[in-house]
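Here the sequence shown is numbered in this note's numbering, starting from 1 and rising by one per residue.
Hints are computed from structural coordinates only; laboratory data are not their basis.
Remember, predicted model here, so these are calculated numbers, not experimental data.
Just to be clear, a hint being listed does not mean it is correct.
What the hints assert, rightly or not - Subject to a maximum C-alpha distance of 20 Å in a straight line, what follows is the list of computed SDA-like cross-link-like pairs (lysine to any residue):
1. Lys27 to His117
2. Lys109 to Ser38
3. Lys138 to Arg119
4. Lys138 to Leu21
5. Lys109 to Pro127
6. Lys27 to Glu16
7. Lys138 to Leu14
8. Lys109 to His43
9. Lys138 to Leu115
10. Lys109 to Gly81
11. Lys27 to Arg119
As the list claims (entries may be wrong) - Distance windows between CB atoms, simulated:
12. His23 to Gln130: 12 to 22 Å
13. Asn69 to Thr132: 42 to 52 Å
14. Leu14 to Ala46: 19 to 29 Å
15. Leu137 to Asn69: 35 to 45 Å
16. Asn69 to Leu134: 38 to 48 Å
17. Gly135 to Asp91: 42 to 52 Å
18. Gly123 to Pro101: 28 to 38 Å
19. Ala46 to Phe67: 18 to 28 Å
Heads up, the beta-carbon is just placed ideally off N, CA and C, and yes, glycines get one too.
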Amino acid sequence: MSSATAGSLTDQILAEIENGLAHQRHKWAAQCQAHGLSMTHFHVLAVLEADGPTPMSRLADQLGVAFSNLTGIVSRMEERGIVERVHDAEDRRVVLAQLTPHGRDMVQKVEATRLEHMRQLVGALTPDEQDTVLGALKTLTSAHARLHSARNDHAHPNHSTNYEEHVHS
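With the sequences and hints as input, model every part of the structure.
This is the structure:
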């Protein structure tokens, strides 16, 4: 099979990844719907779970929505008891959005279902296939680290990543 007819190897890999991700997105959307969440609401929950209490302005930026739209989104989520707004302890002018225990529980339920589906998928592989997938994922993780390290080096050219240089400078 030539790369001219089948696309580059990179394109073939991306096509295979996309097939799996499309199925995962479908399952994820179904789980969100089962819990009465829009994808936007789940995105808010996921950001807050990962980052903890987050200033509303930063949350709007991370979601790519106008601040006024975020206010409405968070208000609806507050009505359901899954997020709450609190004032920053250090700067009372700053309003933070944070998960409530009910919101944290909702994220965990959706994620547990997604993880169980992934566990079943991996469980359907032979041990040799599991080893192959594990090796490939470790390679992708390593490439991800190298890519982001290179980006950080370009973004901060005077920032040293060498521990010895930090200790002895």
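Now the hints, each set against the structure:
1. Lys27 to His117: Holds, at roughly 9 Å.
2. Lys109 to Ser38: Holds, at about 15 Å.
3. Lys138 to Arg119: holds, 17 Å
4. Lys138 to Leu21: Holds, because 18 Å separates the two Cα atoms, which is no more than 20 Å.
5. Lys109 to Pro127: This hinted pair is violated, its Cα atoms lying about 29 Å apart.
6. Lys27 to Glu16: holds, 17 Å
7. Lys138 to Leu14: holds, 16 Å
8. Lys109 to His43: holds, 15 Å
9. Lys138 to Leu115: With Cα atoms ~18 Å apart, lysine 138 and leucine 115 stay inside 20 Å; holds.
10. Lys109 to Gly81: Holds. Lysine 109 to glycine 81 sits at ~16 Å (cutoff 20 Å).
11. Lys27 to Arg119: holds, 14 Å
12. His23 to Gln130: 12 to 22 Å: holds, 19 Å
13. Asn69 to Thr132: 42 to 52 Å: Given about 44 Å between the Cβ atoms, the range holds.
14. Leu14 to Ala46: 19 to 29 Å: holds, 23 Å
15. Leu137 to Asn69: 35 to 45 Å: holds, 36 Å
16. Asn69 to Leu134: 38 to 48 Å: Because 41 Å falls inside the window, the suggested range holds.
17. Gly135 to Asp91: 42 to 52 Å: holds, 48 Å
18. Gly123 to Pro101: 28 to 38 Å: Hint holds: Cβ distance 32 Å, inside 28 to 38 Å.
19. Ala46 to Phe67: 18 to 28 Å: holds, 19 Å
In this structure, only the earlier hint numbered 5 is contradicted, and the remaining ones agree with it.
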